[in-house]
Every structure is written in C-alpha cells, then in structure tokens.
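Turn these sequences into a full structure, and let the hints guide you.
Below are the chains, spelled out letter by letter.
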Amino acid sequence: MHEMAATESLIRQIKSVMRENQVTEVKSVHVCVGAFSGFMKESLEFCFSVLREGTGLEKTALVIDTEPLELLCEECGETSSPNEVMFVTCAACHSTKVKILRGNSFTITGMEV
Amino acid sequence: MCEDCGCQEANEKALTEINFKRHRGVLQGHHHEHSHEHAHEHTHNHGHHEESAKKTRTIEVKLNVLAENDRWAKLNREWLQERGVVTLNFISSPGSGKTFLLEKTLSAIKNELRVAVLVGDQETENDARRLRQAEVPTKQINTHSACHLDAQLVSASLKEIVAPGTQVLFIENVGNLVCPAAFDLGEDFKVALLSTTEGEDKPIKYPVLFHGARLIILTKMDLEPHLEWDLQKCIGYIRQVNADAPILPLSAKTGAGMAEWLNFIKKLVQEKSSAR
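Same order as they appear, the protein sequences are chains W and P.
If you're matching positions, the first sequence starts at 0 in numbering that gives the first Met the number 0 and goes up one per residue.
If you're matching positions, the second sequence starts at 0 in numbering that gives the first Met the number 0 and goes up one per residue.
Mixed in with the good hints there might be a few duds.
Pairs of lysine to aspartate or glutamate residues, derived as DMTMM-like cross-links and limited to a Cα-Cα distance of at most 25 Å, are as follows [stated by the list, open to error]:
1. W/K98 x P/D200
2. P/K61 x W/D64
3. W/K96 x P/D187
4. W/K96 x P/D243
5. P/K73 x P/E102
6. P/K266 x P/D187
7. P/K61 x W/E74
8. P/K271 x P/E199
9. W/K14 x W/E73
10. W/K40 x W/E73
11. P/K204 x W/E24
12. P/K61 x W/E111
13. W/K58 x P/D200
14. P/K158 x P/E197
15. W/K26 x W/E73
16. P/K61 x W/E69
17. P/K158 x P/E199
18. W/K26 x P/E59
19. W/K96 x P/E134
20. P/K271 x P/E259
21. W/K98 x P/E134
22. W/K96 x P/E199
23. P/K204 x W/E73
24. P/K109 x P/E259
25. P/K252 x P/E197
26. P/K204 x W/E57
27. P/K54 x W/E19
28. P/K158 x P/E270
29. W/K14 x P/E59
30. P/K61 x W/E19
31. W/K98 x P/D243
32. P/K204 x W/E111
33. P/K61 x W/E57
34. P/K61 x W/E44
35. P/K232 x W/E74
36. P/K54 x W/E57
37. W/K40 x P/E134
38. W/K40 x W/E66
39. P/K61 x W/E66
Hints were generated in silico from the structure; no laboratory data involved.
Shown next, in the form of structure tokens:
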C-alpha cells in the first residue's frame, strides 16, 4: 500500500528535523492527514509501527489529526465541506466547479522532543 | 502532491538540499549527505516545559510528507518542460486496457510524432515487450513491492529514453486506482482510464484519481452491447467529482473514438510547441 512509501518518507523527515535541532529522542510526532489526501489513518498507524523498528523511533508516538475536505465554489463563492468525500461539489449550490482549499495534503505539523 | 491535480504544492523549503539513497524498508544506518545551506527556518523551538526530570519542548514543523517525491517530480517536470515533451501519466485498474490502448496509439502515431514510453509493473517485462513492437524507445520499470511509480524511479529512466526531439512521453503507471494518484511524477497531467467492464460508479468510489485527472478515457466501448452499462450514467458519476475533464469513450480494438484521441494528443503537442 502506498502508506508504506509515505511512512518511509515521514521517518526520513523526522530524522532530518532531529538532526537539524540536535535532538536524540522524539516523544511524539504530530501529522495532519487530509480527508482527500489519499492516505488512511489506520494504514499509517500500522506502517509506522512496523517501519520505526531499528530507527531509534521505537518509542515515538504518532499522533494523527485529520482535516476535512474544504471547497471554495467558483460559481456561488461559498466555502463548504461535503459530508461525503466522494461528492466534490459545493454544498450550497451543488456545482462541481470547486477549488480545494484544505483536506488534500499530508503534513508533519510538530514534534515533541 | 501534484500541482496539476489541485493538491497542495510541495513545501519548497523542505529537504531541498538533501540527497537520499533509496533503501526500501531499511532506514537505519542510512548514509546521506546534505548541504548545510538547508533551510532551517521551517522548524523552530516553541518553548520549554519542565516535566519531572526531563525537559520536553515542541518543535513546530510544517512539512509535506511527500516533499521528497515532490522534489523529484519538480526536477522531472522542469527537465521535460525544457525539452518541450508532453508527458501523460496513465492511471487505471489493472486490466482496463492501458497497454492495449498504448499499443494502438503508438502504431498510429509513431510516424507523425516522436514518442517514448515508460511502463511500470511490479514484475515482468511483459508490457514493455508488447509496446516495443512499435519500435519506439520503451522502458519497463519494475517496482517489486511498490504499488505505484514514484518520481525518483521515473527520474532515473528519463535520460535513457527521452532522446532530443521527443514530443510525447507516455507513462503507463502500475495498475491501481488508489496509490498512483497520490504520487506526482512530473507529468503534464494524469489520464484516468475506466473500462466498460468496471461498472459506472468507479469515479465516486475513487474520487482522488478521477477528480485529479485532466482527461478521462472510457475503454472497451466495443463491449457495451454485451453489458448492462450506461454511458450517460457513467458520465454523470464522473461529473460529480470532475466538472471539466474531457471524456473520451473509445475502443482500441475496433478503432471507434481513436481518431478523437489521436487528435487530442496532436493538439497537446501543438500547444506545447507554440508555448515555447
């Protein structure tokens, strides 16, 4: 599953931030997974639990926040969050001409060290 | 993630100076070098807490987890744009007809346009072998355990098959409606394929791909009379997640709709060369 590749990437980035900040222990890593990012929270948790072995992050907690999909309608100007992610349509006027404002990314937001 | 499919742009400051060697699943004892000009301003100390015997502090970070892939994708995109190569990333379920469509496309177009093909599968050279019949530069990438192509894998092959003067690069991704949509390869845009045998509602089941695709090709239209499959219903589902992408129904087997597809490619090439 692609959460494996993303988790590998996540672990490399954690190590990079650790080096930059000269820390040797990370208590927790906070990430934010958008509802439309293509990544599943449960799969990420599983992959992290497996891939952190031997990296020095065995005791690091992964805290996953989720972010809903937020759309800006190009027809009526309203912002909305669809109840079902599969409907990428404005909740106000049902137009499909929408721009994604939030909810399609996967980011590291902070680390407790 | 990909600027073409509307996802958030990569954090430019993240990891721009770092080179990583690719070690699948082996992250300990990892050798790499990075420039000390690497931007530090994206992380900073937030404060100190003294709890029991240990101080803990919070480092604020704002890093796109896929920044490394995005960095490679950006390099690929720049390399391809400099050379004026129209680059299409074909994504669909396994068995929806990507390779067959490409076989027919290559044989129809190779005397008019200079093209190259990259094809991804977990294992075997089967698809590349089929595509090589067209006698255009073709390379197979085996991803082994990975379910998608990524930008670094693509990067390693670009120089090998994209010769000077190449006008179109077709990238046939690993058959998968989920994972490839999350990995920008540096393409101009994603092309989603959906075959008549898959039913009409895949677009709402797999919205990330179908929303992000800039062209949707409906394949195996020759099977429509034998199936309970409704074209208008399928278009309706597509339009629920994608307002604008052109939809091209075709049959690579009978040739129906292929002229429109070939004209679409030629138009992309014309637009790219007049933009240079």
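Hints, one by one, checked against the model:
1. For the suggested pair W/K98 and P/D200, the alpha carbons sit about 22 Å apart, so the restraint of at most 25 Å is met.
2. The straight-line distance between the Cα atoms of P/K61 and W/D64 is roughly 14 Å, inside the 25 Å bound, and the hint therefore holds.
3. Among the hinted pairs, W/K96 with P/D187 is consistent with the structure: their alpha-carbon atoms are about 21 Å apart, no more than 25 Å.
4. For the hint pairing W/K96 with P/D243, the CA-to-CA distance comes to about 8 Å; that is within 25 Å, so the pair holds.
5. The straight-line distance between the Cα atoms of P/K73 and P/E102 is roughly 29 Å, outside the 25 Å bound, and the hint therefore fails.
6. Restraint check for P/K266 and P/D187: satisfied, since their Cα atoms lie roughly 14 Å apart, inside the 25 Å limit.
7. Restraint check for P/K61 and W/E74: the C-alpha separation of about 32 Å exceeds 25 Å, so the hint is violated.
8. At roughly 33 Å between alpha-carbon atoms, P/K271 and P/E199 are farther apart than 25 Å, so this suggested pair is violated.
9. A hinted pair counts as satisfied when its Cα atoms are at most 25 Å apart, and W/K14 with W/E73 does not qualify at roughly 41 Å.
10. For the suggested pair W/K40 and W/E73, the alpha carbons sit about 30 Å apart, so the restraint of at most 25 Å is broken.
11. Our distance criterion of 25 Å between C-alpha atoms is broken by P/K204 and W/E24, whose separation comes to about 41 Å.
12. Simply put, P/K61 and W/E111 have alpha-carbon atoms about 14 Å apart, close enough for the 25 Å limit, and the pair holds.
13. Between W/K58 and P/D200 the CA atoms are separated by roughly 43 Å; this puts the pair beyond 25 Å, and the hint is violated.
14. The hinted pair formed by P/K158 and P/E197 fails the criterion: a straight-line CA distance of about 36 Å is larger than 25 Å.
15. With a CA separation close to 43 Å, the supplied pair W/K26 and W/E73 exceeds the 25 Å bound.
16. Proposed proximity of P/K61 and W/E69 is supported: the alpha carbons are some 19 Å apart, at most 25 Å.
17. Annotation: proposed proximity of P/K158 to P/E199 is violated, straight-line Cα distance about 39 Å (limit 25 Å).
18. About 14 Å separates the Cα atoms of W/K26 and P/E59, which keeps this hinted pair within 25 Å; it holds.
19. Distance restraint check for W/K96 and P/E134: the Cα-Cα separation of roughly 42 Å exceeds the 25 Å cut-off, and the hinted pair is therefore not satisfied.
20. This hinted pair checks out: P/K271 and P/E259 have alpha carbons roughly 18 Å apart, not beyond 25 Å.
21. For the hint linking W/K98 to P/E134, the alpha-carbon distance of about 42 Å lies beyond 25 Å, and the restraint is violated.
22. Between the alpha carbons of W/K96 and P/E199 the distance comes to roughly 21 Å, so the proposed pair stays at or under 25 Å and holds.
23. In summary, the hint linking P/K204 to W/E73 is supported, as the alpha carbons are separated by about 24 Å, within the 25 Å threshold.
24. Straight-line distance between C-alpha atoms of P/K109 and P/E259 comes to about 16 Å, which keeps the hinted pair within the 25 Å bound.
25. With a C-alpha separation of about 17 Å, the suggested pair P/K252 and P/E197 falls inside the 25 Å cut-off, and the hint holds.
26. Restraint check: the Cα-Cα separation between P/K204 and W/E57 comes to about 35 Å, which exceeds 25 Å; the hinted pair is violated.
27. Distance hint between P/K54 and W/E19 is fulfilled; the C-alpha atoms sit about 18 Å from each other, no more than 25 Å.
28. Only pairs whose Cα atoms come within 25 Å are accepted, and P/K158 paired with P/E270 is accepted, the gap being roughly 23 Å.
29. Pair hint W/K14 plus P/E59 holds up; C-alpha atoms about 15 Å apart against a cutoff of 25 Å.
30. With a CA separation close to 14 Å, the supplied pair P/K61 and W/E19 stays within the 25 Å bound.
31. Pair hint W/K98 plus P/D243 holds up; C-alpha atoms about 12 Å apart against a cutoff of 25 Å.
32. At most 25 Å may separate the alpha-carbon atoms for a hinted pair to count; P/K204 and W/E111 exceed this at roughly 37 Å.
33. Between P/K61 and W/E57 the alpha-carbon distance is near 23 Å, which keeps this suggested pair within the 25 Å criterion.
34. Of the pairs offered as hints, the one joining P/K61 and W/E44 holds, with about 20 Å between alpha carbons and a cut-off of 25 Å not exceeded.
35. Annotation: proposed proximity of P/K232 to W/E74 holds, straight-line Cα distance about 24 Å (limit 25 Å).
36. Straight-line distance between C-alpha atoms of P/K54 and W/E57 comes to about 20 Å, which keeps the hinted pair within the 25 Å bound.
37. Our distance criterion of 25 Å between C-alpha atoms is broken by W/K40 and P/E134, whose separation comes to about 44 Å.
38. Taking the CA atoms of W/K40 and W/E66, the gap is near 11 Å; set against the 25 Å cutoff, the hint holds.
39. A hinted pair counts as satisfied when its Cα atoms are at most 25 Å apart, and P/K61 with W/E66 qualifies at roughly 15 Å.
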